[in-house]
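Novice: Heads up: the sequence shown begins at 953 in this note's numbering, then just goes up one per residue.
Hints are computed from structural coordinates only; laboratory data are not their basis.
Some clues are possibly wrong.
Said to hold, decoys possible - Here are the computed lysine-lysine pairs in the BS3-like style, where the Cα-Cα straight-line distance is at most 27 Å:
{"no.": "1", "residue 1": "Lys974", "residue 2": "Lys1004"}
{"no.": "2", "residue 1": "Lys1004", "residue 2": "Lys968"}
{"no.": "3", "residue 1": "Lys1004", "residue 2": "Lys975"}
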Amino acid sequence: IEVIELHNIAAREVVKVFDSLKKASGEAAQPSPFIRGDARTESLSYFAADTKIVADDRNNSLIVMGRESAVERIAEFVEQYM
């Protein structure tokens, strides 16, 4: 879990961007909680499908949950491009 503070953009907008990227890559919005995905398989998209991003409006920050490598990739993307 990592909390990413945002200064120049609203947290809700960042979550919308990541949701639209997931939809564009063809991934399901809500994976089934009963089917466990294999952690070794590569995702079709740049960002892992099992990573959860939540907007914290009060602090204008993102809460990113997932594997360490996936969380780092999202944090770098947000830092560079948003």
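Novice: So, for every hint listed, does it hold in this structure?
Specialist: Quick rundown of the hints versus the structure:
1. Lys974 / Lys1004: Holds - the C-alpha atoms of Lys1004 and Lys974 are around 11 Å apart, at most 27 Å.
2. Lys1004 / Lys968: Given that 27 Å is the threshold and the Cα spacing comes to 13 Å, the pair holds.
3. Lys1004 / Lys975: holds, 14 Å
Consistency with the previously given hints is maintained throughout, with no hint failing.
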